[in-house]
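J.: Sequence:
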Amino acid sequence: MNSKHLIAGIAAIALVSVAACTTNETLGRSQLLLVDNDQLAAPAMAAWQETLKTSKISTDPEMNRRVKTVGARIVQAAGLSGQSWEYVVFDNPQPNAFVIPGNKVGVNSGLFKVVKNDDQLAAVLGHETGHNIAQHAAERYSQQVATSVGIQVAAGATSGRTQQVISSYGGIGAQLGVILPFSRQHELEADKIGVDLMAKAGYKPSESIALWRNMAAQRTGGAQPQFLSTHPSDETRINQLEAYIKSKGYN
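Under mature numbering (1 follows the signal peptide of the UniProt record, and there is no 0), residues -19 to -1, 1 to 232 are what the sequence shown spells out, in order.
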């Protein structure tokens, strides 16, 4: 790759970035958004349907009731109750939950090993709802598209190819935009939005700290070092939550 192509690639990324930057008032920062979550809903739905087919769904009535009840209160607090939300509890021992565009939320049954009350469950569901409010999946996808455009141009594609690269990026790009873990920044942002939603919904924000202490306590073999993970370390998460809750005057 010669310097001319490299400069062209950098210029292409800069051009796409400037054209698609928007300010997210909730986050207090600008985002690169070539698409929004609504535009990712279709490829996300395909991934969701595949997950429903290949994963065992829990029929535990109490787990399902709690997830749907707490989820509804969080969504109402977020002002999103006019949208359709789907919650599914998967029979999976790993303590985890996830959200994808289209308001699809998956909760593993193993999460209830560390969630000791509905306040802590609200911390999880508030966090996942926060990802959607923050348009994190769309931002991640857009960053990948911009990088792809830069690579194509740096490899010798003409400027007329830029839009073609964006429009044809779907498929595996859409899957990556939905499936890949969120960045550490995204996780910490979702934590804070989740705490705000907990407070508005009448849950106790400090229970989010208790939740992550429970998570840290149940890990076996030691947690992965923060610099090797897309997720913040438990210590970072707890420290930032404590500082944020104190700054907002939450209990």
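Bear in mind the hints are in silico, worked out from the structure with no lab data behind them.
Incorrect hints may appear among the rest.
What the hints assert, rightly or not - Heads up, simulated BS3-like pairs for lysine-lysine below, C-alpha to C-alpha not over 27 Å straight-line:
#1 Lys185 - Lys37
#2 Lys37 - Lys97
#3 Lys94 - Lys181
#4 Lys94 - Lys37
#5 Lys227 - Lys97
#6 Lys97 - Lys185
#7 Lys94 - Lys34
#8 Lys181 - Lys229
#9 Lys227 - Lys185
#10 Lys49 - Lys37
#11 Lys49 - Lys34
#12 Lys185 - Lys49
#13 Lys34 - Lys181
#14 Lys97 - Lys49
#15 Lys181 - Lys97
#16 Lys49 - Lys94
#17 Lys229 - Lys185
#18 Lys34 - Lys227
#19 Lys181 - Lys227
J.: Which of the listed hints are not met by the structure?
T.: Violated hints (numbers, rising): 1, 13, 18; every other hint is consistent with the structure.
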